[in-house]
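Peer 1: Dock chain B against the given chain A, drawing on the hints supplied.
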Amino acid sequence: MFTTIKGSAISLLESDINTDDILPKQFMKSITQKGLKRGLFYNRRYKQSGEQESDSIFDKAPYDKAKVIVSGANFGCGSSREHAVWAIKDFGVDCVIAESFADIFFNNAIKNNLLLIKVDATFLKKYREYYQAGCEDLTIDLVEQTISADLLGEHNFDIPKYLKERLINGLDEISDTQSYMNQILAYEAKRNLN
Amino acid sequence: MKTLLDKIWGLHAVCELPNDETLLYIDTHLIHEVTSPQAFSGLRDKNRTVFRPQNTFAVVDHNVPTVNQSLGIQNISDDDSRIQITTLESNRKEFNIPGYSMGDKENGIVHIVAPERGLTLPGMTIVCGDSHTSTHGAFGALGFGIGTTEVEHVLATQTLRIKKPKSLKITLTGEPSTWTSAKDVALHVIATIGASGGVGYVIEYCGDYITALSMEGRMTLCNMAIEAGARSGMVAVDQTTIDYLNKTANASAKYPLLRSDPDAVYDKSVVIDIDGLEPRVTWGTSPEQVCGIHDRIPALASDSTKAEELKYKRVLEYMGMRSGQELLSMTIHKVFLGSCTNSRIEDLRLAASILKGKRIKVGLSMMVVPGSGAVARLAEEEGLKEIFVKAGCDWREPGCSMCLAMNEDKLLPEERCASTSNRNFEGRQGRGGRTHLVSPAVAAATAIKGRIAHPVEVL
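Protein chains in written order, with the numbering used here: chain A, 3 to 196; chain B, 4 to 462.
If you are wondering where the hints come from, they were derived from the structure by calculation, not from laboratory data.
Be a bit skeptical, because a hint or two may be false.
[Stated by the list, open to error] Simulated pairs of lysine-lysine, DSSO-like, Cα-Cα distance not exceeding 30 Å:
| no. | chain 1 | residue 1 | chain 2 | residue 2 |
| --- | --- | --- | --- | --- |
| 1 | B | 167 | A | 192 |
| 2 | A | 113 | B | 169 |
| 3 | A | 8 | A | 120 |
| 4 | A | 166 | B | 271 |
| 5 | A | 163 | B | 271 |
| 6 | B | 316 | A | 62 |
| 7 | A | 8 | A | 163 |
| 8 | B | 309 | A | 128 |
| 9 | A | 39 | A | 8 |
| 10 | A | 91 | B | 413 |
| 11 | A | 163 | B | 49 |
| 12 | A | 31 | B | 96 |
| 13 | B | 10 | A | 163 |
| 14 | A | 120 | B | 169 |
| 15 | A | 91 | B | 166 |
| 16 | B | 167 | B | 49 |
| 17 | A | 163 | B | 167 |
| 18 | A | 192 | B | 169 |
| 19 | A | 36 | B | 413 |
| 20 | B | 452 | B | 316 |
| 21 | A | 67 | A | 120 |
| 22 | B | 309 | A | 120 |
| 23 | B | 167 | A | 91 |
| 24 | A | 113 | B | 167 |
| 25 | A | 192 | B | 166 |
| 26 | A | 120 | A | 163 |
| 27 | B | 49 | A | 91 |
| 28 | A | 8 | A | 62 |
| 29 | B | 413 | B | 316 |
| 30 | A | 62 | B | 309 |
| 31 | A | 31 | B | 413 |
| 32 | A | 166 | B | 166 |
| 33 | B | 316 | A | 120 |
| 34 | B | 169 | A | 166 |
| 35 | B | 271 | A | 127 |
| 36 | A | 91 | A | 120 |
| 37 | B | 108 | B | 257 |
| 38 | A | 113 | B | 49 |
| 39 | B | 359 | B | 452 |
| 40 | B | 10 | A | 192 |
These numbers were taken from a predicted model, which means no experiment stands behind them.
Pulled out of the complex, with its shape left as it was, chain A reads as follows (with noise of 0.2 Å):
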C-alpha cells in the first residue's frame, strides 16, 4: 500500500521481456515467496560460474536501491510463474512502467501491489533522452497519476480506479469474494453443482 513512490529506475527499453528473463527457473524451486531477490534477472546479473557480472546494473549504485524498471512492450511474457513479481518486489521495486503487459503479469502483479503503468512511445522517446542524459530518479504519485522528474517534466497516467483504490487501500481479495458466497452457492445449485 502506497501513494507515491519515488527512487532510481533501472532501464531496460527493449521489447518481450519473459519471465524466464525475470526470475530463471532454478529459483521456482522455492515453496516460498521470500529471498527471490538475488535471482531477479540472474542470468544478466551472474556469469555462468556464478560470479557477478562487472557491468550489472541491478548490483550498482544507485540502481541496487531502484524502486522502478522501465521497458518495453510485452513486459512479462511467457510463464505464468507469479514468482517474477515476488523477485521484482523483493528487489524493492514497486513500481514497472512499460508499453505494455502480458496479461497473465498483469494479473500477478495486481494481487501483489505492484504498480503497473503503460505508457506509450511518446513517452518512451522521450524517457529514453532522459535516461541517456545519465538521469534516473523518477517520482509517480499514484494519487496525482503523474510521472515526474525535473528533466522530464510531468506525465500523466491511466490507471482504472479500482486498481488505484486497492493499491492506495490493500484489499483482501478471498475475504472480499467470500461475501459473494451465496451467489457462488446458489450458482452451484443451480447447475446442480455439488
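Peer 2: Only chain B this time, still in chain A's reference frame:
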C-alpha cells in the same frame, strides 16, 4: 450472435463485481508442485480451507526426474525438487485433493493428463498455475493460466475475479504441405500476429484446416496461443471432439456441440493463409522469430530502431548464428521430443514413423519423453518405444523435462537443440543453451541428419 467465448463466459458468470470484473466459476482446477505451495501456505496462514477439493486435481510434472521414478520421492537427489514434490503430497493429504503422485502409472504432464482422464470437457472453465493451460481450449472449453495468488483464490472459493477478455477469430485458409503439422501452423500464427499480438484476447481458431485437424493437433495449436500473448486458444466442439471424448472420457455422456453462432461478432478477426506452408523452425529467442525450414536467417529490417538492432545482434550472438545463414546447415547436438506441446501419442507416432529402421546421427543425443503414463504405455504397445530405442534415442519417463529444464534434463552452454517444446527463450532449456522450436517430424529428421532437416530428406 454469441461467440464460443461469450457462451462459456455466460454459463460461468456467478455475478458481476463492481469493478468491471466477473466472478467466474471454475469447473476444473489443475495444480502441480511448482506454483501451488505458496497458495496452500496462504490458506493455512488465514485458517482457510479448500472449498471444493473434488474440483481440484493434482499432478507432479515440472520437477520430476524422467528416470527411475519408481524409486520414489525420497530418491530425488535435488533437495529443492524433492521438497517441492513432498510439499504437494502433504498439501493434498491435508486438504483432501485427488491426483497422481510421482511414479503413479497415470501421472504425467498436467495438460496431457487432464484431457486423457476426462477432466477436460466441452464448455468447461479450466485453470491451472501454468500458462499452457490454453491447451484445454481444444475441447471447446475456456482454459487459461493463472498465478499463485489466483490459485489460492480458486482453492478458497472455486471462482476467479476476472475481466472478460476480448475475442480474436483466426481463420486459417488453404492446405499446408504434407509434412506441416499443427506445431508448424502454431509457429506461423505467432510469427504472423507477433508474440504480443494476442495480448488481451482469447483466440478462436476456425477454418477448414481446423475442422480436419485431430484433437492432438488442436491441443498443440491451442497450447501455443500463449506464445502469441493470448491467455487462451479455443476450437468449437464437433464430431472429432465427441469421438475423442467417447474414447477417453465417458462414452455414455452427451456433449453439446458448443460453437460460435454463425453471425457471432468478434472484437478482432484475422485471416491467415497457410496454403502450401512448409515446416517452420524458430531461429531466435522469441517464438515469433520463425522462418520456413528452407529459409535463411532473416536480415535486420531496414527500418529498425537502434534498440531493435541491438536486440537482433544479441539474439544472433546468443544463438551463435549469422544473418543469411541457411537453417538447414545448422548442426544440432540434442533433440528433445516432449512437452505439453508435442508429447501426445500422435506426436510419437509421427516421429517414430520417420525414425523406423534408422539410426540417429553419431554424436547427437535424442531424448523422448512421453507426456503421460498412458502415452508411454500406448507407445510401448504399439512398438514405438522399440523404434526409438533401436534408433538410439533415450526413452524417458513422463514429465515436463527439458521444456523448462527444472530437473536434470538440460542443455549445456552453446549446445544446440531441436526441440518440440514451446519456448526458445534465452536459458529456457539450460543456461546458454540454443533452442530451435520444431515439429515432431522435423525433430526426427533432424536427429537422423545431425542438422536441421526436412522429413523428405530422410525418407
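Peer 1: Can you list which hints this structure breaks, lowest number first?
Peer 2: Nothing - there is no hint that the structure violates, so all of them hold.
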